[in-house]
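Visitor: Protein chains in written order, with my numbering: chain L, 1 to 338; chain A, 339 to 676; chain U, 677 to 1014.
Everything labelled a hint here was simulated from the structure, so no lab data went into it. Heads up, the beta-carbon is just placed ideally off N, CA and C, and yes, glycines get one too. Misleading hints may appear alongside valid ones.
What the hints assert, rightly or not - Here are a few chain L residues that sit away from chain U, every Cβ distance over 10 Å (derived from the structure):
{"#": "1", "residue": "E34"}
{"#": "2", "residue": "R38"}
{"#": "3", "residue": "E114"}
{"#": "4", "residue": "A115"}
{"#": "5", "residue": "D126"}
{"#": "6", "residue": "G140"}
{"#": "7", "residue": "K244"}
{"#": "8", "residue": "D279"}
{"#": "9", "residue": "Q311"}
Unchecked claim - Restricting the straight-line Cα-Cα distance to at most 30 Å, the calculated cross-link-like pairs of lysine-lysine (BS3-like) are:
{"#": "10", "chain 1": "A", "residue 1": "K582", "chain 2": "A", "residue 2": "K594"}
{"#": "11", "chain 1": "A", "residue 1": "K380", "chain 2": "U", "residue 2": "K718"}
{"#": "12", "chain 1": "U", "residue 1": "K848", "chain 2": "U", "residue 2": "K965"}
{"#": "13", "chain 1": "L", "residue 1": "K282", "chain 2": "L", "residue 2": "K256"}
{"#": "14", "chain 1": "U", "residue 1": "K718", "chain 2": "L", "residue 2": "K42"}
{"#": "15", "chain 1": "U", "residue 1": "K920", "chain 2": "U", "residue 2": "K965"}
{"#": "16", "chain 1": "A", "residue 1": "K582", "chain 2": "A", "residue 2": "K620"}
{"#": "17", "chain 1": "L", "residue 1": "K42", "chain 2": "A", "residue 2": "K380"}
{"#": "18", "chain 1": "L", "residue 1": "K282", "chain 2": "L", "residue 2": "K167"}
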Amino acid sequence: MATATWTRRHVLSLEDFTSAEYDTILQTAASCREVLSRRTKKVPALQGQVVANMFFEPSTRTRSSFELAAKRLSADTLNFAPGTSSLTKGETILDTAKTYLAMGADMMVIRHREAGVPHAIATEMDRLQTNVGILNAGDGQHEHPSQALLDLFTITSLLDFEYPRLKLLADKKIAIVGDIVHSRVARSNIWSLTASGAEVHLAGPPTLVPQEFTEYVQGTGDQAESPIPNRRLFLHWDIEPALKDADFIMTLRLQKERMTAHLLPSLREYHQRYGITRDRLKLCHPGVKILHPGPVNRGVEISSELMDDPQFSLISQQVTSGVAVRMALLYLMGSGKS
Amino acid sequence: MATATWTRRHVLSLEDFTSAEYDTILQTAASCREVLSRRTKKVPALQGQVVANMFFEPSTRTRSSFELAAKRLSADTLNFAPGTSSLTKGETILDTAKTYLAMGADMMVIRHREAGVPHAIATEMDRLQTNVGILNAGDGQHEHPSQALLDLFTITSLLDFEYPRLKLLADKKIAIVGDIVHSRVARSNIWSLTASGAEVHLAGPPTLVPQEFTEYVQGTGDQAESPIPNRRLFLHWDIEPALKDADFIMTLRLQKERMTAHLLPSLREYHQRYGITRDRLKLCHPGVKILHPGPVNRGVEISSELMDDPQFSLISQQVTSGVAVRMALLYLMGSGKS
Amino acid sequence: MATATWTRRHVLSLEDFTSAEYDTILQTAASCREVLSRRTKKVPALQGQVVANMFFEPSTRTRSSFELAAKRLSADTLNFAPGTSSLTKGETILDTAKTYLAMGADMMVIRHREAGVPHAIATEMDRLQTNVGILNAGDGQHEHPSQALLDLFTITSLLDFEYPRLKLLADKKIAIVGDIVHSRVARSNIWSLTASGAEVHLAGPPTLVPQEFTEYVQGTGDQAESPIPNRRLFLHWDIEPALKDADFIMTLRLQKERMTAHLLPSLREYHQRYGITRDRLKLCHPGVKILHPGPVNRGVEISSELMDDPQFSLISQQVTSGVAVRMALLYLMGSGKS
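Modelling step: build the complete structure from the supplied sequences, incorporating the hints.
Guide: Okay, here's the thing in structure tokens:
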């Protein structure tokens, strides 16, 4: 596995990722996928290294994916259980991180419900002149880089299985549909997809669209041009123009809690306006594929039968890609260590 | 370890197990027990394979036993924690299972408080043409095959340590005492023990005996003949006829919650009528042995001093057998995989 | 790694530890620290052995340290989760321990909020003629031997990195400050530090000082001589005489719950009377170092900026020492096993 172009110690955000970095991750993930197809799906790449999974916000799915990725690379894993931790005893998060550092953690995978926590820990680790790598596994409504990277790996692999790379998306149209404003997944995907040169179209209810975009919408009716210079990003309040000729649809998970906060009408009405259905697919490019970060609310973001239709749904490939991409990230971040 | 006769992908129920299958498991478990007696109690049989322990109903004891069995075979394990899972986010159980499938789980060990869940997952895995193996670790009041198999391994090993096999029980009498109706352990044991040709006698309070048996009881006073054709199964409301000349007594755990549902008199009265005591052992065959799936309510199902008496109690051997039998199951189910 | 002088099966208390035993642990921990500095921080010393972490009282920090120590020695680990355990089903603690014994645990690391539980389990394991080793990871207000041993390793390593040994402390003065009476850490440290010949000075609020010491205090004003024969142990109600010319200060974690029990004034008042500040350090020996078992209440036991000052604080070294010392304990206890 080649690591020539990798110099990044932490993976916190995709905002400043270069094309070369995306391509290194995609190629390394392809190598990891090859490992996962072998008889013995394990390599000793990170033997003796310790990956601490620090999920201050619980998540079985993402935590299991990182844990499995670490084990496939022969790393030892430590799982931090927030409920039973010193945090309830009043310890600060930085002190918790420093404790895991002192225990010998080589990498920390961090999820927290507040934006910026992984970044703050990374800054502290650098200030202490350690070479611990921090991986953001989702911070508040900010970013979720490994999810966006696995989405990228899933769709570029579809276009060229052996040699997935960013530029394959240059002439594609991708729709991101749903609760944009609260979605760290959307935010990370916007960075990676627009970096590829693809046209990215966001569609969602006005209450669930980022404030920073609304001025653009107000200027142009229901469509806005990109607030990010030189990137092709468009915004819609209706789903139809976003889906028109789209090559990929990324649906976002709807947090049902939003409804109680009156940001949303009923689930039924949401599905009627923004749900992906077989009918709406007719607007898209014939070979359109659907992604969802999971877990899906069947019949809300997407109709139940469409979710299970392998002709359109990439949902299960996304989960599989997740292990390969997380192996790639841990491998790239960890290989300079020992 | 020989696997010649094994073709079963899932282990969900013992209802349709053949003699050859029982004997394959018993012999493989004997080999695993031999591994556990070595200096290094580990074999690389399942290296690189992933066993997902999906205990939707929490259980430290059974989960630890499966986890240890998997680790002794060098498999990687993933533990699913229901409290922190996507299920609380509204994901269906089948979607959860498909997520673990997509992550690369080779086998799933499933416990759920509702009968049929492991079977439903296995059906879905087959429909998707995967070769994932599903192991029922207890579903509602339905079955708990690995518990019945470890009971079988414990008692047949006592009769022939080197070559435990089903037919050793052909002329034995076995009493199963307690809360039959709510016991998945009893249900699985009834299948395996009657398959051996042994005489199986059930004894318990009328409220805790399966409905399907009561017509037999009503026909014959206090004893009923087997509702399963060609199997020697008898039912009693008093414990004495069940214990008479018994070679083995299987006591069942009493769920104290049953009492609040008025299905039971006091614990003291239960112990008086159905508790295993030194006095009651006099009714049995002199070499009688006692089993209990644990955890024991001391002084309820069995007197505390009897539980600790190695002359009679097989309780700790059962736990030890559990690891060997679960190794055997994972080995047999997993060996065709890679 | 040399184990010549080690014959102890369990580590429950430091009360009867010999100098030779302390030195064996310190030397073995130094070897383990060397392993942790290698490229691959792992040795196969305990391959195939099972370490059961039975934390009846939750603790992420100590449990992670033991888990990592076990994994560095290639042991398999089992984590017992009290919330989901059979204990809630009424099983006794001894029965739980016997279950893990029967499953094949070679060592059990036990934390419980009641004093004496690890000792009771060890007694039962011996009575059953097993060779399972029990390691007390904190029992009530009684002892926490591995914490005191890591403190000892931290400070003796500072005096002679290559060859840490007990007698290096013979002419040192060590202050232990805070909630002495409720601290298992203090209790274990008193045994090890006084055994070294060091002068140990305790200082804390009268309500937080052990009853057994108060008669000594009453006899001599505000200072008492050692209630342990031949050991140099002194007691103060003010912090100043304890700190005077001290070489090491061990601060204890303040349990905020104590305040609600009216055993303590406000946190502010506590800090004013017993908090370690830059000003108070002037009383000490110029090279004084500060220890704290963690997690620290910043600004209570110790001022926040002092805690982060590497010139004085050994807190992060303590955490690192913890893994090496726990490796040493598991190695010494386990090496005679297989």
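Visitor: Now look at each hint and say whether the structure bears it out.
Guide: Hints and how they fare:
Residue placement check: L/E34 keeps its beta carbon more than 10 Å from all beta carbons of chain U (closest about 24 Å). With 10 Å as the threshold on Cβ separation, the claim that L/R38 sits away from chain U holds: the shortest Cβ distance comes to roughly 22 Å. Residue placement check: L/E114 keeps its beta carbon more than 10 Å from all beta carbons of chain U (closest about 19 Å). Taking the minimum C-beta to C-beta distance to chain U, about 23 Å, the non-interface status of L/A115 holds against the 10 Å cut.
Look at L/D126: its CB is around 15 Å from the nearest CB on chain U, clear of 10 Å, so calling it non-interface holds up. Separation of L/G140 from chain U is adequate, the least Cβ-Cβ distance of about 22 Å exceeding the 10 Å criterion. Every Cβ of chain U is farther than 10 Å from the Cβ of L/K244; the closest lies at roughly 51 Å, confirming the non-interface assignment. Every C-beta of chain U lies more than 10 Å from that of L/D279, the closest at about 46 Å, which supports listing it as non-interface.
Once the 10 Å rule is applied to beta carbons, L/Q311 is consistent with being away from chain U; the minimum gap is 41 Å. A C-alpha spacing of about 27 Å is found between A/K582 and A/K594, which places the hinted pair at or below 30 Å, so the restraint holds. For the given pair, A/K380 sits about 18 Å from U/K718 by alpha-carbon distance, which is consistent with the 30 Å threshold. Of the supplied pair hints, the one linking U/K848 and U/K965 holds, its CA atoms being roughly 12 Å apart against a limit of 30 Å.
Of the supplied pair hints, the one linking L/K282 and L/K256 holds, its CA atoms being roughly 28 Å apart against a limit of 30 Å. A threshold of 30 Å between alpha carbons decides the hint, and for U/K718 with L/K42 the separation of about 18 Å falls inside it, so the pair holds. Our distance criterion of 30 Å between C-alpha atoms is met by U/K920 and U/K965, whose separation comes to about 13 Å. Only pairs whose Cα atoms come within 30 Å are accepted, and A/K582 paired with A/K620 is accepted, the gap being roughly 9 Å.
Only pairs whose Cα atoms come within 30 Å are accepted, and L/K42 paired with A/K380 is accepted, the gap being roughly 18 Å. With a C-alpha separation of about 26 Å, the suggested pair L/K282 and L/K167 falls inside the 30 Å cut-off, and the hint holds.
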